[in-house]
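2 protein chains.
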Amino acid sequence: MKHALIAALLGTSTLFASAPAFAQAKPEDVIKYRQGLYQVVGWQNRTMGSMVKGQAPFDAAEFSRAAEIVSLMAAVAPGAFAPGSDKGAPTRAKPEIWSDAAGFKKAMDTFQAESAKLAQIAKGAKDVDAVRSQYGALVKSCGACHDNFRTK
Amino acid sequence: MKHALIAALLGTSTLFASAPAFAQAKPEDVIKYRQGLYQVVGWQNRTMGSMVKGQAPFDAAEFSRAAEIVSLMAAVAPGAFAPGSDKGAPTRAKPEIWSDAAGFKKAMDTFQAESAKLAQIAKGAKDVDAVRSQYGALVKSCGACHDNFRTK
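Chains D and U supply the protein sequences, listed in that same order.
Residue numbers for the first sequence, in the numbering used here: 1 to 152.
Residue numbers for the second sequence, in the numbering used here: 1 to 152.
Be careful, since some hints might not be right.
The list treats identical chains as one, so a pair stands whether inside a single copy or across any two.
[Unchecked claim] Once the Cα atoms are required to be at most 27 Å apart in a straight line, the calculated DSS-like pairs of lysine-lysine come out as:
#  : residue 1 : residue 2
1  : Lys126    : Lys152
2  : Lys26     : Lys53
3  : Lys26     : Lys140
4  : Lys87     : Lys117
5  : Lys94     : Lys123
6  : Lys53     : Lys105
7  : Lys152    : Lys123
8  : Lys126    : Lys106
9  : Lys152    : Lys26
10 : Lys94     : Lys53
11 : Lys126    : Lys94
12 : Lys123    : Lys87
13 : Lys105    : Lys126
Rather than coming from a laboratory, the hints here were simulated on the basis of the structure.
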C-alpha cells in the first residue's frame with residue numbers, strides 16, 4: 001500500500017505509468033476536490049467567525065493562519081471548477097458557473113481579493129477589532145457567490 | 001440565504017444564537033472537514049507530483065503554492081482528529097489514532113516537518129530537481145501514516 005502510493009506519486013509505478021496526466025482528472029474527482037476545498041474554507045471561516053463572535057478568545061496566530069488558508073483556497077479554487085465538472089457526482093454547483101463564466105469570474109475575483117486582504121490585515125492584527133470589518137467583507141463575498149452559483 | 005449565512009457567521013442570527021460554540025463541532029462535521037482537508041492535500045500533492053514526474057512542466061509559483069497549502073493543511077490537521085470524531089460518519093480513520101496518541105503525534109509531526117521543509121525549499125526553487133528529493137520525503141511521510149492509521 002505504502003509502496004504503491006509512493007510509486008504512483010513519484011511516477012515509478014508501472015501500474016500508473018499509462019494513466020492520463022493529472023490535467024485530465026475525472027469529473028468526479030474534481031467535484032470531490034472542490035467539495036473538500038470548500039469544507040476547508042467553511043471550517044476556517046468558522047474558526048475566525050467564532051473569534052469575531054466572541055465565542056472563542058482571539059488567537060492572533062490561529063486567526064492569521066485561518067485567513068491565510070482561506071486566501072490560498074481562493075487562489076486555487078478556479079481549478080476546482082474545471083470545465084466538465086458540472087456533473088459526475090452530486091453537486092450543488094449551478095450550470096451558470098460555466099454558462100456565465102464572466103459573472104462567475106467576477107465573484108471569484110472578489111472572493112480572492114477579500115480573502116487576500118483579510119490575510120494581509122490578520123498578519124499584524126493585535127485584537128479582534130482589527131479584523132472584524134474585513135472578515136465581514138469576506139463572508140459577504142462568500143454569500144454573494146452562493147446566492148448566484150450554488151443551489152440551495 | 002445570503003443574509004442567513006452572513007448572520008450566522010457574524011453571530012447576529014437569532015436562529016444560531018444558541019448554537020454551541022464552534023469548539024463543540026459535531027463528529028460528522030469534523031469527519032467531513034477531515035476528509036475535505038485530505039482531498040486538498042491529495043490534489044495539491046498530485047499537482048506537485050505531476051511536475052516531479054515530468055507529466056507537467058515545472059511551474060515554480062504553482063509548485064510553491066501547492067507546497068505551502070500542504071504545509072498549512074498539515075499544521076491544522078490535528079484539529080481534524082478531535083476526540084469523538086472516530087465515528088459519526090463513514091471514515092477510514094483507525095482507532096489507533098486515538099488509542100496510540102503518541103504514535104499518531106509522531107507521524108503527524110513528521111508530516112508537518114516534511115511539508116514545511118518542502119514549502120521552504122520550493123520558495124527558491126529554480127527547477128524540479130531542487131524539490132524532487134524533499135517531495136519524495138513528504139510522500140513517504142503520507143504513506144507511513146496511511147499504513148498505520150488508515151484502513152485500506
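Do the hints match the structure? See the list:
no., hint, verdict
1, Lys126 <-> Lys152, "neither (37 Å within a copy, 45 Å between copies)"
2, Lys26 <-> Lys53, "between (40 Å within a copy, 19 Å between copies)"
3, Lys26 <-> Lys140, "between (32 Å within a copy, 25 Å between copies)"
4, Lys87 <-> Lys117, "neither (33 Å within a copy, 37 Å between copies)"
5, Lys94 <-> Lys123, "neither (35 Å within a copy, 36 Å between copies)"
6, Lys53 <-> Lys105, "neither (30 Å within a copy, 31 Å between copies)"
7, Lys152 <-> Lys123, "neither (34 Å within a copy, 40 Å between copies)"
8, Lys126 <-> Lys106, "neither (32 Å within a copy, 33 Å between copies)"
9, Lys152 <-> Lys26, "both (25 Å within a copy, 22 Å between copies)"
10, Lys94 <-> Lys53, "neither (31 Å within a copy, 35 Å between copies)"
11, Lys126 <-> Lys94, "neither (40 Å within a copy, 40 Å between copies)"
12, Lys123 <-> Lys87, "neither (39 Å within a copy, 36 Å between copies)"
13, Lys105 <-> Lys126, "neither (33 Å within a copy, 31 Å between copies)"
Hint compliance for this structure: hints 1, 4, 5, 6, 7, 8, 10, 11, 12, 13 are broken, all remaining hints hold.
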